[in-house]
Amino acid sequence: MKWLIGGFSHETNTFSSVQTDLNAFRAHTYAVGEDVAHVARDTETGVGGFIDEIESRGDSFVPTVTAAATPSGRVTAAAFRDIAGHIVEGARQHRDIDGILLSLHGAMAAEGLDDGEGELLARLRSVVSQDLPIVAILDLHSHITQQMLDSATVLIGYQKYPHTDIYERGVEATRLIARLAAGEVHPVWALEKPPLIPPCATCHTESGLYKDLWDTALRADRPAAILTTSLFAGFPYADVDPLGFATLVYADGDGEVATTEARMLREMAWSRRREFVYQPRPVEEAVRQALACAQKPVVIPDIADNPGGGGANDSVEIVRALVHQGARSAAVAAIYDPEVVALGMEAGVGQRIAVSLGAKTDALHGQPLYVEGVVRTAVD
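Be aware that the sequence shown starts at -10, since it is given in my numbering, and climbs by one per residue.
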């Protein structure tokens, strides 16, 4: 069998003022055509999972593009057009394929477009037959839309957060699409969406409610007709519709089984929804406790300005508290401030400089901090 494969992943923080252009993808992952195999083979990625499973089956594949960028603001129209175009044009040109495998995100928004994945899948479906299987793997923090469900044959979500099972989901998708193409299974989906937006901090799958949900979803005695189950948290840093938690179940030709399972998991999440509430420590209190802790080092993550979720990474509120409380042995992982970097490079190593640090990207992350310090290292 012959498969078209591709990857297009971006987690879009719509509150971010930093647009995601094609250079942002090139700085992270951007490969076209035959370069896709060179970039993705032997990696723990979704596309890597596709390739390994395809080759282990003795099948062949047509690579289109694999592209990913660090979470940030909306993808520019030009970048979306370029990357989506490689996938759609690949499907248009290769009429002899048996199906399409995609590694997407599920929370991508572009300029003038809230449902990036839905738009891509709809464009793709418009150039292939309604019977051609399209299977996409998605991040756990996905927004599931009607357009996505109408255009794809099956959507499969990651089961782990932190996301350590991306490769496995790629393998799962490849095995399932082979069964679809052979006519062995006929998926019917059911989606349930309670009015719930869980914070990322309580969506870890190794403990708590999310672990219990997955233990239930993957129980040994679940109905045999179930092909795949996904528990999507949604991405809270996106002002889009629809947003939020979703249970998605595909069953082999049995809509009643899919609906019953999806509703059961929805009710479990809804009945225990208060377990998703997160109560972070105030910054001053967290720093005070860290300084008093006998066991060192102590890590204090700033979850309000998480660059892994599209944050500006220039909040200095924890640094401010460290200074105010007289910390003498503390390291700050990173503050995004090109102006301060330029001043330090100009002054040179060993020189003392006075700067206004951080909080320059937007008005959402506090105020800058005036500091004086010595340039310890300068790296180009």
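Heads up, some of the hints might be wrong.
Stated by the list, open to error - Computed cross-link-like contacts, DSS-like style, restricted to lysine-lysine with a CA-CA straight-line distance of at most 25 Å:
# : residue 1 : residue 2
1 : K182      : K200
2 : K285      : K349
3 : K149      : K182
Hints listed in this document are in silico derivations from the structure and should not be mistaken for laboratory results.
Quick rundown of the hints versus the structure:
1. K182 - K200: 19 Å, holds
2. K285 - K349: 32 Å, violated
3. K149 - K182: 20 Å, holds
Consistency note: the structure conflicts with earlier hint 2 alone.
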